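Chemist: Keeping their order, the protein sequence lines are chains A and B.
Using numbering that gives the first Met the number 0, the letters of the first sequence correspond one by one to residues 0 to 285.
Using numbering that gives the first Met the number 0, the letters of the second sequence correspond one by one to residues 0 to 285.
Simulated from the structure, these hints should not be mistaken for lab results.
There may be inaccurate statements among the hints.
Treat identical chains as interchangeable: a pair holds within one or across any two.
Computed list of lysine to any residue pairs in SDA-like fashion (alpha-carbon distance at most 25 Å, straight line) [said to hold, decoys possible]: (1) Lys265 - Asn218; (2) Lys222 - Met48; (3) Lys169 - Asn157; (4) Lys211 - His167; (5) Lys187 - Lys269; (6) Lys276 - Val29; (7) Lys112 - Asn158; (8) Lys187 - Ser131; (9) Lys3 - Lys211.
All of these numbers come straight from a predicted model, not from anything done at the bench.
One letter stands for each residue in the lines below.
2 protein chains.
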Amino acid sequence: MQYKEIKNIYKDLHQNVVKIFSKSDRNARVNLTPWNYKNGGGGESAEIMNGEVIEKGAVNFSGITGKILPGSALATKVKGSSFKATGISIVIHPNNPFVPCSHLNVRYFELSKKIWWFGGGFDLTPYFPFESDIKLWHMSAKQLCAKYDKNFYKKFKNNCDEYFYLKHRKERRGVGGIFFDNMKLESKDFYVNFTKDVVKTYVDTYLEIVNKRKSKKFNQNHKDFQLYRRGRYVEFNLLYDRGTLFGLQSSGRVDSILMSMPPVVKWSTKKSALLIKYENALKKYL
Amino acid sequence: MQYKEIKNIYKDLHQNVVKIFSKSDRNARVNLTPWNYKNGGGGESAEIMNGEVIEKGAVNFSGITGKILPGSALATKVKGSSFKATGISIVIHPNNPFVPCSHLNVRYFELSKKIWWFGGGFDLTPYFPFESDIKLWHMSAKQLCAKYDKNFYKKFKNNCDEYFYLKHRKERRGVGGIFFDNMKLESKDFYVNFTKDVVKTYVDTYLEIVNKRKSKKFNQNHKDFQLYRRGRYVEFNLLYDRGTLFGLQSSGRVDSILMSMPPVVKWSTKKSALLIKYENALKKYL
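Isolated chain A, as found in the complex (with noise of 0.2 Å):
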């Protein structure tokens, strides 16, 4: 399978995630923005504001040919001086506070003909955690990857949980779910079908988990929580975040990469006793 084939599948499926949610939330607009990168291919951002239910996402998709910059962490893998990346990455920043905010990412990687691997993840953020909505995402998960391998979530889940790790905070950035990379073992029809089936997985979860809190009330002192946990939200991504990092570092195109930024955040460290409160309940999750 030639990486134009992969580019080509994770595109189309670009194209379907944007439909399925533009369409799961009527009051939405859709902002579509193709846009090319300097040193070959591009890709379609795909910035879902305003809607009922979503208060920002971005669902994107790049597939790009670049230059290996020497020192990089891909230099020491290839002698070659190029790649070639395609990938769909999602976040979900919802208005109501009772919903959680999920990520996802899929992408495959082309050093040569030989050099190449797939690498992807999903995990959920809630603000106001449900015991009932964590145990179907982390289920999810696992009955999507015993489909493909017998070892595959306890090592995806441990990665995420290590991955989505705030260093400074000593604490996890949500819950968790599955996050996996230098996939190479199997062959590239393997990944392409795993990953596939993780966007579904993912996209058909989370809607199920939207659909049961969208309708919760609530008062603004929930919707200050989840202005304030935001916060940890964009300090994991400009502080840890491997692809927002390597993004900004290989000037990629910034309004796409940092499309995954809250629309709004609150920074306080004055905590009144509700936050405090709302805060012991959530980080028994993390």
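With chain A's structure known, arrange chain B on it following the hints.
Modeler: Coordinates of chain B only, in the frame set by chain A:
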């Protein structure tokens, strides 16, 4: 001059600055939090909240003793294994978008009796630039520097422009000011006097600008532009700021280190015609 003496001078100066800012803003609530550092010493954080002028301000003092991490930049400078550091940092996020945001830092670092240096500076981040404010800011910095060394100003102004730069945006964080580091050729007394004067000049000049702009009427469009531009501040602090990254990596007190974060921030990639107009007016200065 011993470390302890310098620490006490900065501590008194910190108290003074907190008083001046509190008095300048009749509605402001000040939360004072003394804290201890795990390896020795500590500090005091003053968070100024919900003022008439100051939406959120952080005025921090610290005087800490720490272990030098192997592999860190400090480790190459000395054989010993510990450092002493004391300093003041200030960030003011004003409520009125016509009042610029400002930042100051002065610090003393000691690795041994013979190896020590001073650093610091101040810089201004307007949202709606006023030519006369920016001229005043730079002129004050220039006059201050001229009292100490004829070469200071030009060098420190360039340092500032180079340091407060968002590479991924190809944009300066604000209109600059002065920035200096590794100052050790003169006596400690010389630098103590200089950094005290840096603090005084910063406070006087900033309050002069505040008083000129604080009563200017603004609407939600102006406020939204301020919240949007504050995103750049967050991006700089988490992606590039050496003080922030050093603090977080050395397990400093997170609430003090991230007290510089703005109280409310917005990110958006879809820009209105008005936002683009405001941004173009600002970008001429960045």
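Chemist: Check each numbered hint from earlier against the structure, then list the numbers of those it violates in ascending order.
Modeler: 4, 5, 7, 8, 9
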